[in-house]
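Undergrad: For the sequence shown, our numbering gives the first residue as 1, with consecutive numbering after it.
Hints are computed from structural coordinates only; laboratory data are not their basis.
Quick caveat, the model's predicted, so the values are computed rather than measured.
Check the hints yourself; a few may be wrong.
[Unchecked claim] Lysine-lysine pairs mimicking DSS-like chemistry, simulated, CA-CA at most 30 Å apart:
1) K120 <-> K109
2) K109 <-> K123
3) K119 <-> K109
4) K122 <-> K109
[Claimed, not checked] If you anchor each label on the Cβ, the simulated ranges turn out as follows:
5) D78 <-> A102: 26 to 34 Å
6) I63 <-> I188: 24 to 32 Å
7) T124 <-> A74: 15 to 23 Å
8) N141 <-> V195: 24 to 32 Å
Where is the CB? At the ideal position from N, CA and C, for every residue including glycine.
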Amino acid sequence: MRGMPKNMRLIIAAVACVLVVALAGCAAQSPQSASNATADAETSGAGEAGESSASNSMWSMDIDCAVCHAEQGASMEDSATLACEHAQVADSTCITCHNDEALLAEVHKDATADKTMPKKLKKTAVTAETCQGSGCHDAGNHVEVTADVTEFTDTNGTTVNPHEVMGLTEGHADITCSDCHNVHTAPIDPTSTCVSCHHAGVYECGTCH
Numbered sequence: 001m002r003g004m005p006k007n008m009r010l011i012i013a014a015v016a017c018v019l020v021v022a023l024a025g026c027a028a029q030s031p032q033s034a035s036n037a038t039a040d041a042e043t044s045g046a047g048e049a050g051e052s053s054a055s056n057s058m059w060s061m062d063i064d065c066a067v068c069h070a071e072q073g074a075s076m077e078d079s080a081t082l083a084c085e086h087a088q089v090a091d092s093t094c095i096t097c098h099n100d101e102a103l104l105a106e107v108h109k110d111a112t113a114d115k116t117m118p119k120k121l122k123k124t125a126v127t128a129e130t131c132q133g134s135g136c137h138d139a140g141n142h143v144e145v146t147a148d149v150t151e152f153t154d155t156n157g158t159t160v161n162p163h164e165v166m167g168l169t170e171g172h173a174d175i176t177c178s179d180c181h182n183v184h185t186a187p188i189d190p191t192s193t194c195v196s197c198h199h200a201g202v203y204e205c206g207t208c209h
């Protein structure tokens with residue numbers, strides 16, 4: 001470099017210094033550090049995606065219903081309710097009885113984890129076919145089981161078998177099992193279902209209207 005002009009030698013020296021500093025910086029960013037940085041970025045992204053997914057996740061049949069329906073979920077551990085009896089005796093879960101997937105999908109439409117729970121839930125009635133299915137409550141012996149029930153006795157002394165009258169007259173076919181057998185809260189007086197129509201306390205038809 002003796003024959004090279006002084007200015008040129010200074011420029012080459014400066015470039016060499018810059019290259020040394022750059023190489024030192026690359027060496028400091030080791031593969032381990034780079035890997036950790038990538039992992040941190042992925043974790044951060046996954047967290048944000050997870051939160052987004054949770055807040056926008058739609059209802060499905062295998063979701064934990066009690067996350068949103070805490071009161072109903074708690075009833076399955078309350079010995080005063082039929083829900084608890086179903087869970088303990090028959091190992092029932094929510095979807096054992098609430099098994100109409102199409103109907104449930106409709107009432108849960110647009111539901112998200114961060115959406116306010118409505119004060120009044122949309123009713124998804126459990127059908128008699130569900131109660132009587134899979135050998136749970138044999139439809140053939142309902143009348144026999146309640147043959148000696150005297151709770152349904154009107155002011156004239158007429159006693160009716162609640163399961164015997166089902167479907168015999170207009171209106172009775174619309175009564176569901178849960179109208180008389182409250183599952184998620186303490187048992188109700190089943191005769192209250194009758195009184196809603198037989199408000200004069202008389203079970204015979206045509207005595208009032």
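Undergrad: For every hint, state whether the structure bears it out.
TA: Against the structure, the hints:
1. K120 <-> K109: 15 Å, holds
2. K109 <-> K123: 14 Å, holds
3. K119 <-> K109: 16 Å, holds
4. K122 <-> K109: Roughly 11 Å between the alpha carbons, so the hint for K122 and K109 holds.
5. D78 <-> A102: 26 to 34 Å: 30 Å, holds
6. I63 <-> I188: 24 to 32 Å: 29 Å Cβ-Cβ, so the 24 to 32 Å window holds.
7. T124 <-> A74: 15 to 23 Å: 19 Å, holds
8. N141 <-> V195: 24 to 32 Å: Roughly 26 Å apart at Cβ, these two residues keep to the hinted range, so it holds.
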